[in-house]
Amino acid sequence: MKRETLKYAFIQTLPVLFGYVFMGMAFGILLEKAGYNFIWAFFISMIIYAGSMQFVLIGLLGGGMGLLSLIVLTLSVQSRHIFYGLSFIEKFKAMGKWGWYMIFSLTDETYSLLCGMNIPKELNQKQVFFTVAALDQSYWIIGCTLGAVIGSFIGFDTTGIDFAMTALFVVIFIEQWYSYQSHLPALVGTVCGVASLVVFGAGAFILPALIASVGLLLIFKNSIKQGENQEVCQ
Amino acid sequence: MSSDFLIPFYVILVVAACTFLTRFLPFALFGGGKEVPVLVKTLGDLLPPAVIAILVVYCLKGVSLMVAPHGFPEFIAVAIVALLHIWKRNNLLSIGGGTLLYMVLIQVVFI
Chain P
12 MKRETLKYAF
22 IQTLPVLFGY
32 VFMGMAFGIL
42 LEKAGYNFIW
52 AFFISMIIYA
62 GSMQFVLIGL
72 LGGGMGLLSL
82 IVLTLSVQSR
92 HIFYGLSFIE
102 KFKAMGKWGW
112 YMIFSLTDET
122 YSLLCGMNIP
132 KELNQKQVFF
142 TVAALDQSYW
152 IIGCTLGAVI
162 GSFIGFDTTG
172 IDFAMTALFV
182 VIFIEQWYSY
192 QSHLPALVGT
202 VCGVASLVVF
212 GAGAFILPAL
222 IASVGLLLIF
232 KNSIKQGENQ
242 EVCQ
Chain V
3 MSSDFLIPFY
13 VILVVAACTF
23 LTRFLPFALF
33 GGGKEVPVLV
43 KTLGDLLPPA
53 VIAILVVYCL
63 KGVSLMVAPH
73 GFPEFIAVAI
83 VALLHIWKRN
93 NLLSIGGGTL
103 LYMVLIQVVF
113 I
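If you read the protein sequences in the order shown, they are chains P and V.
All residue numbers for the first sequence refer to our numbering, where the first residue is 12 and numbers rise by one.
All residue numbers for the second sequence refer to our numbering, where the first residue is 3 and numbers rise by one.
Some hints could be false.
Stated by the list, open to error - As a list, the in silico DSSO-like pairs of lysine-lysine whose alpha-carbon atoms are at most 27 Å apart:
#: 1; chain 1: P; residue 1: Lys18; chain 2: P; residue 2: Lys104
#: 2; chain 1: P; residue 1: Lys13; chain 2: P; residue 2: Lys44
#: 3; chain 1: P; residue 1: Lys108; chain 2: P; residue 2: Lys132
#: 4; chain 1: P; residue 1: Lys18; chain 2: P; residue 2: Lys137
#: 5; chain 1: P; residue 1: Lys13; chain 2: P; residue 2: Lys104
#: 6; chain 1: P; residue 1: Lys137; chain 2: P; residue 2: Lys108
#: 7; chain 1: P; residue 1: Lys18; chain 2: P; residue 2: Lys132
#: 8; chain 1: P; residue 1: Lys44; chain 2: V; residue 2: Lys43
#: 9; chain 1: P; residue 1: Lys102; chain 2: P; residue 2: Lys137
#: 10; chain 1: V; residue 1: Lys90; chain 2: P; residue 2: Lys232
#: 11; chain 1: V; residue 1: Lys43; chain 2: P; residue 2: Lys104
#: 12; chain 1: P; residue 1: Lys102; chain 2: V; residue 2: Lys43
As the list claims (entries may be wrong) - So these bits of chain P aren't anywhere near chain V, every CB distance computed over 10 Å:
#: 13; residue: Leu17
#: 14; residue: Gln23
#: 15; residue: Leu25
#: 16; residue: Leu28
#: 17; residue: Gly107
#: 18; residue: Trp109
#: 19; residue: Gly127
#: 20; residue: Lys132
#: 21; residue: Gln138
#: 22; residue: Ala145
#: 23; residue: Gln148
#: 24; residue: His194
#: 25; residue: Pro196
Treat the hints as calculated values from the structure; they're not laboratory data.
No residue lacks a Cβ here, since even glycine has one placed at the ideal position from N, Cα and C.
Isolated chain P (complex conformation):
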């Protein structure tokens, strides 16, 4: 790989470097606190490589959730990714076997970087794409692993640090509230979540809440303004 390619990709990924290392470390610390060391953090960030879902995963590692619920939950949390790939079908296909890694590593952040880049003509686009994706994942792996190592040395009382996950989802909730034309999906999720928690209890509420949300969204879909919600990336 050319030196220029690496340099260009590195500069492009700088904003992600800080975001991923910070969030990765938060994940690593929480994971370590839940009883799983840095080897688990490395393994998880290597083969799953997803922000929100890894945080949710920490609570599921003990195995309390049934297989079907686990599958439905993961597919729902990651459902937005279905959109990202649509913008890159031709480009990733043209990358041959490297395209498989591009598909695997298409996170929110990598997607937005790939969308936003104006790659200089003298650089090879495929190499830039791959380098950006690989750098992003390496930041994430470093953050997650480092967090778990640091977590095992933290001397002060960390009780309550798991609130970072709640805070993360509140922040995403607000960001989506601003970026979506219609607030109905967010409200449907809130109502279904709370109602299902009251009816089914803390141990079993998530699957009914997801199913009810999908049902309601399909019923209301015509009254929700569509198409303007997504940033179209071409």
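Chain P is already provided as a structure; the job is to place chain V on it using the hints.
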């Protein structure tokens, strides 16, 4: 091998497979230039905010309103995260500030 190792290992594999599936789905289904079904598009578009809302509820599911401190630390901290974020739109500030406040609340204030 003990189940302490195998259960988390299997959970990770399932989550990894499902995550890859959502990333791979558009390429598997529409790689040949076929039109994306309206239903898939609709759900990919509308589901994410609903799921995030459910995840907020999921994070707070263990809070008991009947028993002291009646969920006060959680709701105060969530409100502060929201206010910080609406004010500055800075993830680090909102998440870091809210988490520190929550730790102080449950370790020092509501004990």
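Hint-by-hint comparison with the structure:
no. : hint                 : verdict
1   : P:Lys18 to P:Lys104  : holds, 25 Å
2   : P:Lys13 to P:Lys44   : violated, 41 Å
3   : P:Lys108 to P:Lys132 : holds, 23 Å
4   : P:Lys18 to P:Lys137  : holds, 15 Å
5   : P:Lys13 to P:Lys104  : holds, 22 Å
6   : P:Lys137 to P:Lys108 : holds, 12 Å
7   : P:Lys18 to P:Lys132  : holds, 15 Å
8   : P:Lys44 to V:Lys43   : violated, 39 Å
9   : P:Lys102 to P:Lys137 : holds, 8 Å
10  : V:Lys90 to P:Lys232  : violated, 32 Å
11  : V:Lys43 to P:Lys104  : holds, 21 Å
12  : P:Lys102 to V:Lys43  : holds, 20 Å
13  : Leu17                : holds, 25 Å
14  : Gln23                : holds, 20 Å
15  : Leu25                : holds, 15 Å
16  : Leu28                : holds, 13 Å
17  : Gly107               : holds, 13 Å
18  : Trp109               : holds, 14 Å
19  : Gly127               : holds, 18 Å
20  : Lys132               : holds, 27 Å
21  : Gln138               : holds, 20 Å
22  : Ala145               : holds, 16 Å
23  : Gln148               : holds, 13 Å
24  : His194               : violated, 8 Å
25  : Pro196               : violated, 4 Å
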